[in-house]
Structures are given as C-alpha cells and as structure tokens.
Amino acid sequence: MAEEKKLIINGKRIDGRSPDDLRPLRIETGVLNEADGSAFVQWGGNKIVAGIYGPRECIPKHEANPYKALVKCRYTMSPFASKEEHGRSGPNRRSIEISKVIREVFENIVVAELYPMTQIDIFIDVLQAEGGTRVGAITAAAAALADAGIPMRDMVCGVAVGKADGTIVLDLGKEEDNFGESDVPMAISNRGKELLLIQMDGLLTKEELAIAIDKAMAASEKIHAMQTEAITKRYEKLESEGLKL
Amino acid sequence: MAESAKDLVMHDIKRSVILDMLNKGQRMDDRAPDQYRPISVQKGVIDTAEGSAIAKIGKTQILVGAKMATATPFPDRPKEGVFSVNCEFLPLANSSFEPGPPDEDSIELARVTDRGIRSAEVEGDNSITENFFLEEGKVMALFLDIYVLDHSGNMTDSASLAAIGALLDVKIPKYDPDTKTLIRNETSGKLGLKHLPIATTFAKVGQHTLCDPTREEMLAADAKLTITTTQNGQIAAMQKGKGAFTRDEVLDAVDVAFKKSAELRKYVL
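Chains as they are written, first to last, in this note's numbering: chain A, 1 to 245; chain B, 1 to 269.
Pulled out of the complex, with its shape left as it was, chain B reads as follows (with noise of 0.2 Å):
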C-alpha cells in the first residue's frame, strides 16, 4: 500500500486536524476517548460454514468462516488438532487493497487475531482442539478465515469480535471413522470456549489514548497498541504496531483493555 505525496500530505493536514480537536477536548465523531463506534455482531450468517458472523464496529465490517477438515496431525504433536487463522483484505474493502497474496497487513492482522484465540482457548488444558484427535495420523483441523469486507478503521477488534462469534456459532461435523471423512450435516456438539479472548486496540495521538481508532485517527497517530484480554482476567496477546508506548501507558492501557473487552464481549454472547 504505496503513499503517493498526495496521501503524506493530507496526513500531515488531518494529523494537525484532529490534534487540534483532541486538545479541544473534541474527537472528530464526538466520542470519548475510550468510546467505541457502534457495534453489532451476527452469528450464523454463512451457512456452508461449520461457524460464521460477522462483526461490525462503525463502519467497519469483517465477515469471518470457520471451516473444518481432517488433516495430518503435526509430527511433534501427533494427538492434537490444527488451528489455523488466514486473512484476506478484500480489494473492495477499500480503495487501498489491491488483488494479490496477503501483505505484511494482513498477515499481521491474522496472526494477532491467531496468538490471541490459541493462548487462550487452544493451548493448555481444556483446549477447544484437545477433542480433535480422530485416530492414528489423523486429527481435526478448524480454519478460520478473516474477510475484511469494509475497512474503515480498527478491523483488530472487529476481526477478534467476528472471529470469537465464528468460533462460538461452530457446530464440529460428525466423523465417519469408516469412510475417514466428515460427516458435515450431524454434528458432535459445539467448541468449548472458556475465555472469550478479545482485543482493544489503542492509538495514541499526541498526549491522547483513543479506543477504537478510525483509520483516519490512525493515520494521525503517533503509536498502536493492541491488547488482547480474557473474561478471567488474563492478557492473551499484545501487539504494538507503530511509535512507543510507556510502561505507565502500557499498564493504563490493560486496564481499559479490560474494562472495553467485557464490554465488546457481551455482544458475541
């Protein structure tokens, strides 16, 4: 995504923009500075999915599929099921995208959104793919796939809203220990999740922490932290993005991060 001089400088004007209202006391919307955009999430929007929703934070919209296959287990870990998460920036998603394999963007985005999900809810005990193994060689896998529909702004968060409600809505397909295949209409039961991991993402503009950013408040920002927390009170991931933070911000930033998730949580419910 190449910047052409036009683009640097109308960063530049919109930076000073929205600086100017922020010392104000003022946020280009009129929020709050930890205010989110509206939110919405929908469960079970896709049906040849085994899960689906899609998550809306303001004008954002990301749409994510939970697929599941059989697969070879790993060598290293012959008992345990694959999880999987890939994003794709859609090209009409904003006149940025262009066709073409993942950029370093989108990698990120599934990766963070991937550390979040798999610290808490796939590694350790009481893993949702601790029931994966199916028999020698062979283990369950469950893909999820971040399509980024609408990009106006903080598609972290609403990748991890659309991606927790994917996995919530999972009906696991029945396995067929005879024809080695999934039986993909009878199901053997939902996923276990337990902690509900979901990210807050942070930008800082100025001496300003914004939840929430909408792409033109990030491209003013100076620095991104995204946090990604638990309903039982763990941090599963964190990613800064560009700029610093301080310690004390960091840890400010926890706080809120709960605070904001247990909020952004209960519309995946």
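In isolation and in its complexed conformation, chain A is listed as follows (with noise of 0.2 Å):
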C-alpha cells in the first residue's frame, strides 16, 4: 500500500498517540426528545447519533414473528459527513452492509423473546466522519438501547485496531484506516467478552491479529466504563438539554 506515508513517527502516531492511546471519546444518552432512547458519541472527529424506537408494531404486518420481535437496523452517513465530495443521501451498498453487521451484533444481546410480533427500530446517523464509524455507530446505538430501556443480555461496545507502519495501532483514524495495512473492527460483550462483530481487510498474520483482538478486549473495558456512565448520568437530569455537536 501507499508507503510514502509515514503514519507513525518515533513510535507516535500522525495525531500524537501511542499505539494504545484511544482518540478522545464522549458519549451522551437521551440527546434527542421524540425517540424512545438515544445516544450521541463523539469520537475523534466522529459525530455518531443513534435513536431508538420500539418495541412497537412490525411493519410489513407479514414479517412479524410470533415468538420474539425484529430488531432492525438504519446506519447512514450524511451527505456531509466526510471532507471531500458532497455525499449522496440514503442508503448506498456500503451502508446497507454495515447497517447488516450491527444488526447482527444487536440480535445476540437484546432479549427479543419479551416482545412478539414487534420491532425494534436502532437508526444510526453519521454526522461527521473521521474513520471508525461502524464501531462509533455500535458504542451509540448500545447507549441508545439502554436509554430506551430495552432489555439486553450483555453491553456492547466497538472498537477498532489495525496496522500501520508495521505497528499494531488502536481505535485507527481516517489517514491510519486508509493508508494502514489492515484494519479490524469489532465489537465486543461486556459480560461475555464475546466479539459479536469482527471485520478485516487488509493483511495480518494471525499472532497479529490475537494482539489486535486482546488490544480491542482491553479497551472495551474503558469505553464500556464510559457507556455506564452516560446511561447513569442520564437519570440525573429530568429533561433533555438536546444535541451538544
């Protein structure tokens, strides 16, 4: 791949962290006041909002399932999410596969059982894109549910590692996700330590990539923390102070 880049430095990266330094992170929950639950992460440069809606009626009528509800799941990106070219709208293959993945992530852990003939509705929008956002958009969409006091078997939280420059890196950002060798998004059970979703591109050997999971392992226990604590804070307070981009 492109060589010419150096992404890491005297062993720190192109924005100044150690290859086990997360990008800053906050997560909020109940930042919008019409859906049922919600969550807003900001991480590194991603915008991630996610809202949840349900259990409530299954629409088509004929995809209700009579023992447990449908969870289902809407990741999109805005137009202007990125900094090159305005976007397109809606859905695109690259959405649909990755609103796929975290639906299946969401299918492990919420106990569906309690809810026949219902669907569960998890919306995921990307405001602002800088690399990660599948893994930003599970860590939201977790808080969400809960904040939507959905119940679930376990917590869930992503995180990606990858490599660049030879190092494997945590949390990659947007130069290390497109000019690094390999990148790993997963997403992984708090209780169980489950990975309920793993990706790869790119090439790693397989001591590589048992780092790059134990990396992911280790900082789930930071952003799970994290998640905690913005479900708990939002009983603090009885009304929502709305979006804080």
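It cannot be assumed that every hint is accurate.
Stated by the list, open to error - Derived PhoX-like pairs (lysine-lysine); straight-line CA-CA distance at most 20 Å: (1) B:Lys-171 / B:Lys-204; (2) A:Lys-244 / B:Lys-194; (3) B:Lys-59 / A:Lys-237; (4) A:Lys-83 / B:Lys-174.
Read the hints as simulated data drawn from the structure, not as lab findings.
Taking the hints as your guide, dock the two standalone chains into a single complex.
If you want it as structure tokens, here you go:
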C-alpha cells in the first residue's frame, strides 16, 4: 500500500497518540426528544447519533415473528460527513452492509423474546466521519438501547484495531484507515467477552490478529465504563438538553 | 405517513382540548400566541462540512450542513454557480418518519427553504453565487442538506434558522486551476449574505393565529402559513400549507413575520 505516507514517527502516530491510545471519546444519552432512547458519540472526528424506536408494531405486518421482536437497523452517513465531495444521502451498498452487521450484533443481546410480533428500530446517523464510524455507531446504539429501556443480556461496544507502519495500533484514525496495512473493526460484549462483530481488511498474521483482539478487549473495558457513566448520568436530569455537537 | 384510526381519534380529542384552552386565552405550554419556544443556534458544529449549524426551537433539533463542490453549470446559465437544498427526515427524528426516499413533506420543506434563500441571496445582484464561476464549463456548487434530528413541530422555521446559520458559517474552499479541484483546507473567503431571509410559520386554530406551532398544535390546526422575510423589509417566500387564510389574515401575518424574523435573526448572528 502507500508507503510514502509515514503513519508512525518515533513511536507516535500522526495525531500524536501512542499505539494503545484511544481518540478522545464522549458518550451522551438522551440527546433526542422524540426517540424512545438515544445517544450521541463524539469519538475523535466522528459525530454519531443513534435513536431507538420500539418495541412497536412490526411493519410490514407479514414480517412479524410470533415468538420474538425483530431487531432492525439503519446506518446512514450524512452527505456532509466527509471532508471530500458532497455525498449522496440515504443508504448505499456500504451502508446497507454495515446496517446488516450492526443488526447482527444486537440480535445477540436484545431480549427479543419478550416482545413477540413487534420490531425494535435502531437508527444511526453519522453526522461527521473520521474513520471507525461502524464501531462508533455500535457504541452509540448500545447506549441508546439502554436509554430506551430495551432489556439486553449484555452490553456491547465497538472498537477498531489495525496495523499502520508495521505496528498494531488501537482505534484507527482516518489516515490510518486509508493508508494503513489493515483494519479490524470489532464489537465486544462486556460480560461475555464475545466478539459480536469482527470484520477485517488488509493483511495480518495470526499473531498480529491475536494482539489486535487483545488490544480491543482491553480498550472495550474503558469504553464500556464510559457507556455506563453516560447511561447513569441520564437519570440525574429530568429534561433532555438536546444534542451538543 | 399514513394516519391510523387511533391517530385520527386522538387528533379530534387533542384538537378540542387545544381549542378549548385557546378560547380561554391559554396555550398548552403557557406561551403567548406570538411567542416562540426557547431558541438556540450553534454554528460550525461539523468539521467536515464547509459550513454547518444546528438550530433548536423547543424540542425540535435540525442540523444543516453546507458542502461545496465543482460542477458543470446549467447550459442556459454558463457563468452562474449552482445552489441546491435537500432535506432528510431521519427516521430517528419522529416515530412517524419511515426510512425511504424523501416524501412530499420533506421535499416541500427543502423547496420552501430553498426558495427563501434563492429569492433573497442567490438571484439578482450581489448573489452569493456570483463568484462561483471558475472557468469555461466549470462553476462551484453549494449544497445545503437539512437533517431533521428531532421533530417536535415547526420544522420550517428551525430549518430556515439552521440553513442561514450554515451559510453564514461557510468558508469557501480555494480552487486549484491546475488540478481543477477544490483545496478544502484553504479558504478564499465567506459568502456575502446580505438579506438573511428567515422563515416564520403560523398556525390557525379556530380564530386564533399562533406562532411557532408545536406538532400537536399543528395537528389541531385548520391552516398553516409560512412567510420568509429579509432584514431589508422584503418578503422572500411564502407557502400556505393546509387550510385557508383571508387577505387580512395574510397581511397581519406578514407584519408579525417581520417582527418575529428580526427576533429570530439575532440567534444566527
């Protein structure tokens, strides 16, 4: 890949982080007034909002399952989310795939059997993007589901680990994502320590992958603590103060 | 947005409650008829956009992002820039919003916002797009995307405030004639906005005319009217929604629109 771009100089990454540092992360719940639950995640240059509706009537009705709620997910990116050209709004091939893998994260932990014939909608919008939007989306959606009071078997958060200039680095930024050797986005359940999402592109050895997963597991503890704090804080205030972008 | 039988019954009940209260001189949230809910506008909230603003009126939250690009001019206007407004009702903004292509309501909102800005700031002399000509066959384009994040009524005025906020925030990227691309981390200046058109929306419930209707008041309303006015004393756009207004009602509303838009404009400056 592009070798001319140095991503690590003297052990520091281009944004000054060490290999095991997360970008600054802020999680807030209850940012939307209409949704049944919501969360906002600012993670480095990412700004992601998630809103939950449901359990509510399943539409179309023929999809309804008499044994459990359907979990549905829609991940989209705003046309102004990237530094480059004006994007197209609405779903595209990339966002359709991401919506599916995120849904498959939450199908594992939502206690859907409690709500037969209904659906639970997870809507995620990336307002501003800087690499790692899908893991930010998962982190936001999990906090939003908790905010909505949806029963869950476990909590989940996302984090990506990758390889840049031969070093395994935590929480890839945009440049590292674009020019690094590989990218492994993961979602990890807090109690079960299971990988509810793992994707990968680029090249890694088995040893490197093991390191990547270990780093993600360690980081997930920190992220989970922040999710818990965001959900707890929600109960300190009565009224939503809205989005703080 | 199909309305179920349950919704229709609820509308009738809410309408009678809202109307009864108005007849006693009360609004459901204790506001005066011409009083807006708390307003805030924050500019420069999206780093990846050339300009952005989030406007909040009460519990309604609308984000507008402005992106610039190079474009081919329209054949009949080879020297003029392109200005385009789009609107997305995000499904997370209200339980009645469904995923899918823009419906008639979101298209209308985009077009009403577009018309106010286009009439005042894009067409005619001192247009904000007059310096958008780059070279033969190439001009700059300005895209406004209205992102509705929370719909608790009066999206039109919130979108208008956020749109003007985003335009005021725009930093025009430099054009590199050699590569024929925009240099996004360098700027050639700001847009020269002169008129700052702001929309003000009225709902008529029975004999009462209300500013800044909530979603519930809008469901109870017989008629809806949006008037966009500039700081130079001109009307830039009007759009009647449902229902009917008399001549005098419209003219009275215009007076209020000028007064209210002057108040609203302070929040974007």
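| query | Can you give the numbers of the hints that this structure goes against, from lowest to highest? | reply | Numbers 1 and 2 - these are the hints that the structure violates, sorted from lowest upward.
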